[in-house]
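K.L.:
Sequence order for the protein chains is A and B.
Numbering-wise, the numbering used here puts 11 at position 28 of the first sequence, and it's gapless, one number per residue.
Numbering-wise, the numbering used here puts 535 at position 248 of the second sequence, and it's gapless, one number per residue.
A couple of the hints might just be wrong.
[As the list claims (entries may be wrong)] In silico DSS-like links for lysine-lysine, alpha-carbon gap of 30 Å or less: (1) K562/B with K81/A; (2) K251/A with K175/A; (3) K424/B with K30/A.
[What the hints assert, rightly or not] Derived list of chain A stretches under chain B, where covered just means 3 residues or more per stretch with a C-beta under 8 Å from a C-beta of chain B: (4) 102 to 112; (5) 192 to 199; (6) 221 to 228.
[As the list claims (entries may be wrong)] Chain A residues, not near chain B, derived (Cβ > 10 Å throughout): (7) R(-5); (8) D41; (9) I48; (10) M63; (11) I210; (12) L213.
Since the hints were derived computationally from the structure, they do not count as laboratory data.
It should be emphasised that the depicted structure is a prediction, and the values quoted were computed from it without experimental measurement.
Here a beta-carbon is modelled for each residue, glycine too, at the ideal position from N, C-alpha and C.
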Amino acid sequence: MSSTEGFSHESRDPKWVQFLLIGLTLGFVFLLLILPLGVIFWEAFRKGIKTYALALSDRNAQSAIALTLLATAISVPVNMFFGLAAAWATTKYSFRGKSLLISIIDLPFAISPVIAGLMLILLYGIHGWFGSTLQSFGLQVIFAVPGVVLATMFVTVPFVARELIPVMQEQGSEQEWAAVSLGASGWQTFVKVTLPNIRWALLYGVLLCSARAMGEFGAVSVVSSNIRGLTNTLPLQIDALYNDYNAPAAFALSSILASLSILTLIAKSWLEARIDYRSKDKEELL
Amino acid sequence: MSVTGTMQARRLPGFGLTLGFTLFYVTLMIALPIAALLLKASAVSTTELIETLKSPRVQASLRLTFGASVLAALINTFFGFVAAWTLVRYRFIGRRMIDSLIDLPFAMPTAVSGIALMAIYAPTGLIGQHLIPWGIKTAISPLGVLIALVFIGFPFAVRTIQPAIEELDIEAEQASASLGASRLQTFTRVTLPSLLPAALTGFTLALARALGEYGSVIFIAGNLPMRTEIASLLIVSRLDENDVVGACAIAVVMLTATFGLLLGIQAIQWFIQRKTGRN
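Here chain A stands alone, though its shape is the one from the complex:
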């Protein structure tokens, strides 16, 4: 039998099985993934480039882009900082309840965005735990910009932490110990020893975190008042335009986010080649 060829992944399935399965995969991927992606750009440019440009230069569209960037610019650095601290704390030391802590960090992945929004309303809404206190300081969170930012932060909490923890776990602490024993401070050790070792994983986490931050819809829509030009993020503005039967404008804005997600996918596979992540079950929720 010619089955024991050197390349271990070379399949020994009969040719017709191969053709069938490849065909099935290509058909499914085309129908499920490529078609929706293509439709966005088709619908965006169908009414001509002028309509497209007009949709993007609309004032409410501009302010939606600005709010989306603001929410992303706050949540990504904060959650990156958190991810670094959490990864350091959970991989460099052993303490009781560590695996419970790691599980809790992952929880926002498991919580439906709409339920996340509901939780924030229960905390920061007018009748919520902190609502009246914040109100007395003149700070409105829910149905206002802080709520949008908070919701974005909530859904993106685990992204950086969960990429760093397995990588730092695997790398161990020997290099850090060497640096410390040579007299380096904790901060120097982190910047000069740890950071270079985890840079690709960190970038990977930041990439996924940003993509999610810019695209979050469910959680943000619950806590936002959906006021155009004020508390609408890009996805919310798309929703509003679509419901106004202004599909060309909705698809024009969608094409920006779709382009970003294509870039995300390209950057993702580029980074994956550098981290050799594949064997790690990163898509796991808990």
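On the provided structure of chain A, position chain B as indicated by the hints.
P.N.:
Showing chain B alone in chain A's frame:
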């Protein structure tokens, strides 16, 4: 642990700072919101909670959400298996691109996916218009909900099964073949059983994701009460009606279901680790 005994006694700098900040942030951002929901739900009397859940509209939405999610997860497990097998075992033009593209539902904002699916499956849409004459309604129908949930869950199935196929023991397959087993026998008796845990995990992850999905579903679903209204949407409608208690009741049911599924995954992982002695 690579740290020797004497070093274990000491600690790398930064323990108090990093753990302190981590605990503070986790408490503020994750624990507190969850506690708020659980406390709100527990403050409501059980009878009121059950009354809310027994209303026909809630029942219908829970049935739709769970039914469509399970069906979507099954479809995803099947096609996820086929796609993962194809991507790992076969070489064909465009393989790398397809591989990267699998994560699209992950990377694309759900609202964008939602209107894209609508443009395809609406009665006037690319595919929808050709199905209407056949009496098949792909949008504003439970079928639309199913399509959106298949879309959103697909990467979870592929990305869980793919590494398992990569790590398959080729020698076991070869041994089986050299002992005279046919390709099909080898597949069903040797290959498939060792992939079962991964397939089960993939199914569960796709299911958990589908249960909580909102953005990609609401456009194509059409949101008709009693017919195409998913649980997430009903939570939003209850909030719009200022019925916070009603929203919390549904949320607690959904949250319990998701957490239960994820605990199930932990059990599967634990079982695999014990069986293979790896971690």
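K.L.:
Would you mind marking each hint as holding or not holding in the structure?
P.N.:
Hint check:
no. : hint               : verdict
1   : K562/B with K81/A  : holds (24 Å)
2   : K251/A with K175/A : holds (25 Å)
3   : K424/B with K30/A  : holds (27 Å)
4   : 102 to 112         : holds (count 8)
5   : 192 to 199         : holds (count 4)
6   : 221 to 228         : holds (count 3)
7   : R(-5)              : violated (7 Å)
8   : D41                : holds (17 Å)
9   : I48                : holds (13 Å)
10  : M63                : holds (12 Å)
11  : I210               : holds (15 Å)
12  : L213               : holds (18 Å)
Of the hints listed earlier, the one the structure fails to meet is number 7.
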